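Asks: Just so you know, the sequences run in chain order A and B.
Letter by letter, the first sequence follows residues 138 to 510 of this note's numbering.
Letter by letter, the second sequence follows residues 138 to 510 of this note's numbering.
Derived by calculation from the structure, the hints in this document are not laboratory data.
Everything numeric in this text was worked out from a predicted model, so none of it was measured.
Hints are not guaranteed to be accurate.
Pairs count within a copy or across copies, as identical chains cannot be separated in the list.
[To be verified] Within a straight-line C-alpha distance of at most 25 Å, the following computed SDA-like cross-link-like pairs (lysine to any residue) qualify:
| hint | residue 1 | residue 2 |
| --- | --- | --- |
| 1 | 481 | 378 |
| 2 | 362 | 145 |
| 3 | 362 | 305 |
| 4 | 481 | 384 |
| 5 | 363 | 226 |
| 6 | 362 | 428 |
| 7 | 362 | 244 |
| 8 | 362 | 434 |
| 9 | 363 | 142 |
| 10 | 481 | 462 |
| 11 | 363 | 222 |
| 12 | 498 | 271 |
| 13 | 498 | 378 |
| 14 | 498 | 449 |
| 15 | 362 | 250 |
| 16 | 481 | 184 |
| 17 | 363 | 223 |
| 18 | 481 | 176 |
| 19 | 498 | 461 |
| 20 | 481 | 385 |
| 21 | 362 | 273 |
| 22 | 498 | 508 |
| 23 | 498 | 433 |
| 24 | 362 | 481 |
| 25 | 362 | 223 |
| 26 | 362 | 502 |
| 27 | 363 | 250 |
| 28 | 363 | 245 |
| 29 | 498 | 178 |
| 30 | 481 | 468 |
Protein chains: 2
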Amino acid sequence: MTEIPDRFEPPERFLMGPGPSAVNPRVLRAMAAPVIGHLDPATFDMMNELQDMLRQIFRTSNDLTYPVSGTGTAGMETALANVLEPGDVAIALVSGMFAERMREIASRYGADVVTVGGEWGVPVDPRDVAAALDQHPNAKAVCAVHTETSTGLRQPLQEIGRICADRGALFLVDAVASLGGMEVDTDGWGIDVCYSGSQKCLSAPPGLAPITFSDRAFAAMEARKKPPSTFYLDAMLIRRYVGTERLYHHTAPVSMLYALHEALRLVLEEGLEARWRRHEEIGGELLAMLEERGFRPVPPEGYRAPQLACVWLPEGFEDRPNRTRLLQEFGIEVAGGLGQFAGKVWRVGVMGESCNRDYVKALAEGLDQLLAG
Amino acid sequence: MTEIPDRFEPPERFLMGPGPSAVNPRVLRAMAAPVIGHLDPATFDMMNELQDMLRQIFRTSNDLTYPVSGTGTAGMETALANVLEPGDVAIALVSGMFAERMREIASRYGADVVTVGGEWGVPVDPRDVAAALDQHPNAKAVCAVHTETSTGLRQPLQEIGRICADRGALFLVDAVASLGGMEVDTDGWGIDVCYSGSQKCLSAPPGLAPITFSDRAFAAMEARKKPPSTFYLDAMLIRRYVGTERLYHHTAPVSMLYALHEALRLVLEEGLEARWRRHEEIGGELLAMLEERGFRPVPPEGYRAPQLACVWLPEGFEDRPNRTRLLQEFGIEVAGGLGQFAGKVWRVGVMGESCNRDYVKALAEGLDQLLAG
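Take these sequences, add in the hints, and give me the full structure.
Replies: In structure tokens, the structure reads:
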């Protein structure tokens, strides 16, 4: 017997977790335009514009720059699977779950992974990276997370980029939670592969992962002995679609591309520096508000990502019941801790469209009622 | 210097290629609803409904049934990467490019692949499948494409399913271009893994790949020695998110899920049998119209998918200039040939919302002008 559910209507939410963030109505409207084909000349024109905007936002002149047809984790897998071959040595800088995920994926694709750091919420010392590269002089890649979504840690990258360039290792960076909300200078910092997600500081819906590859990364992919196991994420095949050849690889998710195109226009209209400043200011206000209420930030001072506060819960303050109340009574979504931080921290984001004072104020009011019991 | 392109407005198109097909305004409106989180209880409720609807459309009671967060090729890779381990023998039934793609992905993931058939547009004889299984009695899987998008071939599956069940091989089926437009009876035909794409006969935008795994397929995945290289498409991890555990794996593309939810509601409102009949009728009219104008179908009679006519071009009729004129002057998209069929065939689809007489009539009028010179 056929059973048809009712039309789905999402509830109203203040999205203050670590993504997805709120999406501007202009982006939603763009996404709802009629679908056209992935081989339509109009799609190619849009894709070209989208790639140009991504280059501006990544601050790169890399030719191979495109949105992966999947979420941030697909971007991560694209970076690792395409650059690393079985037997390659990769150095992973670990301060949280997403760096651990990079390590796991590198290892699934056959790399020998060396860990630097490892403690959640603690930044990696560039000297330890240099030491690891001294010990493993033929390491092919160093993998780092710019803003660690599991701990709110901001890992400075410039010095590590210099160290990688000096030793000839490729520098792979996860900018899923930072691109569009904090300075990311792909070329200036010597990053060889940088990827992000559509649904955080870029404030498009989840489903795309912008990525960019340097010429050095491209040369490494060209020199592979075998293509990677993954076909769907094979960058050397996809480049034949996103490049001038326009060869079919898979059906590009056109509606998501419309959405990202409009979201990137919004980013550039605001201006990158202005956007970073907004995240820094409002993120500062968010953290101050949380600290006033007894939440303490996880990362040490100087290493906190403004757009994502990861905070220890006040003594006696319960995780799940309070998050449920916040969602149900106030329509506010914040996230609990992942893995070893489950039940101990909250992760509160002010990313992209969610980065505004009204949201911080709404959360302050909600928290005051929760804390009153 | 910042360069911001204009707002993108897609041109109006009759989508008559092999997907994407036209999308109902109800689906576009659903997609444009505000984004909510992937861990929101409301998202889980919607996901449950979506999975229930997919089970009805796949005609299965399989528990592990969900939309892969990627396009049809991601569905294909999910099926192969999760079921096959390095060293496994897989038998691929090849009648076109997408079966060749299954073979390539299986081989990238380390399987030893045996090909049955191999000629484009020619159906595989079930007796040849039985013979291959006699020769390779420990083959783990048989891989087939139900509707081959590159050739318009409809491969009957019921008998092959019986042969696989008799010999204990898993039966993996690509229903990307058939689900929702032709009978697909996952359980009745003994299919162990069946996947599709959102953008063909289901008429949602491209970006999701519904998939379902039988208990036998699930047991094979549980018995793996190692997880597959792909993390993004690892079904045993994703099942912890789409199942009752609700554990985070990746950020589900919520807007695409809204769209698919509404598109599946439309499929069930019409009714599966009525929908198959519509595709058969209009597909018959389409082919008759094309044959009247000198196009000849590629697959032999009895093996033609009604929703996708793959036809040889009439003598002297040029491929690319005529497709360009059709698109630019009439707004009609049809597809050229892939691979060895490039320049020789057109692929004309009437799938989902694109399956209606107005579209066939518009194409007939356009073709008449092209043929008049």
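Asks: Hint by hint, note whether the structure agrees.
Replies: Hint check results:
no. : hint      : verdict
1   : 481 / 378 : between (45 Å within a copy, 21 Å between copies)
2   : 362 / 145 : neither (48 Å within a copy, 40 Å between copies)
3   : 362 / 305 : within (20 Å within a copy, 36 Å between copies)
4   : 481 / 384 : between (49 Å within a copy, 17 Å between copies)
5   : 363 / 226 : both (17 Å within a copy, 20 Å between copies)
6   : 362 / 428 : neither (53 Å within a copy, 48 Å between copies)
7   : 362 / 244 : both (18 Å within a copy, 15 Å between copies)
8   : 362 / 434 : neither (46 Å within a copy, 41 Å between copies)
9   : 363 / 142 : neither (47 Å within a copy, 38 Å between copies)
10  : 481 / 462 : within (17 Å within a copy, 63 Å between copies)
11  : 363 / 222 : both (8 Å within a copy, 18 Å between copies)
12  : 498 / 271 : neither (49 Å within a copy, 70 Å between copies)
13  : 498 / 378 : neither (45 Å within a copy, 32 Å between copies)
14  : 498 / 449 : within (20 Å within a copy, 65 Å between copies)
15  : 362 / 250 : both (20 Å within a copy, 20 Å between copies)
16  : 481 / 184 : neither (43 Å within a copy, 28 Å between copies)
17  : 363 / 223 : both (10 Å within a copy, 15 Å between copies)
18  : 481 / 176 : between (49 Å within a copy, 18 Å between copies)
19  : 498 / 461 : within (19 Å within a copy, 55 Å between copies)
20  : 481 / 385 : between (47 Å within a copy, 17 Å between copies)
21  : 362 / 273 : within (21 Å within a copy, 30 Å between copies)
22  : 498 / 508 : within (15 Å within a copy, 66 Å between copies)
23  : 498 / 433 : within (18 Å within a copy, 67 Å between copies)
24  : 362 / 481 : neither (45 Å within a copy, 34 Å between copies)
25  : 362 / 223 : both (10 Å within a copy, 18 Å between copies)
26  : 362 / 502 : neither (58 Å within a copy, 51 Å between copies)
27  : 363 / 250 : both (20 Å within a copy, 17 Å between copies)
28  : 363 / 245 : both (16 Å within a copy, 9 Å between copies)
29  : 498 / 178 : between (46 Å within a copy, 24 Å between copies)
30  : 481 / 468 : within (22 Å within a copy, 57 Å between copies)
Checked against the numbered hints above, the structure breaks hints 2, 6, 8, 9, 12, 13, 16, 24 and 26 and satisfies the rest.
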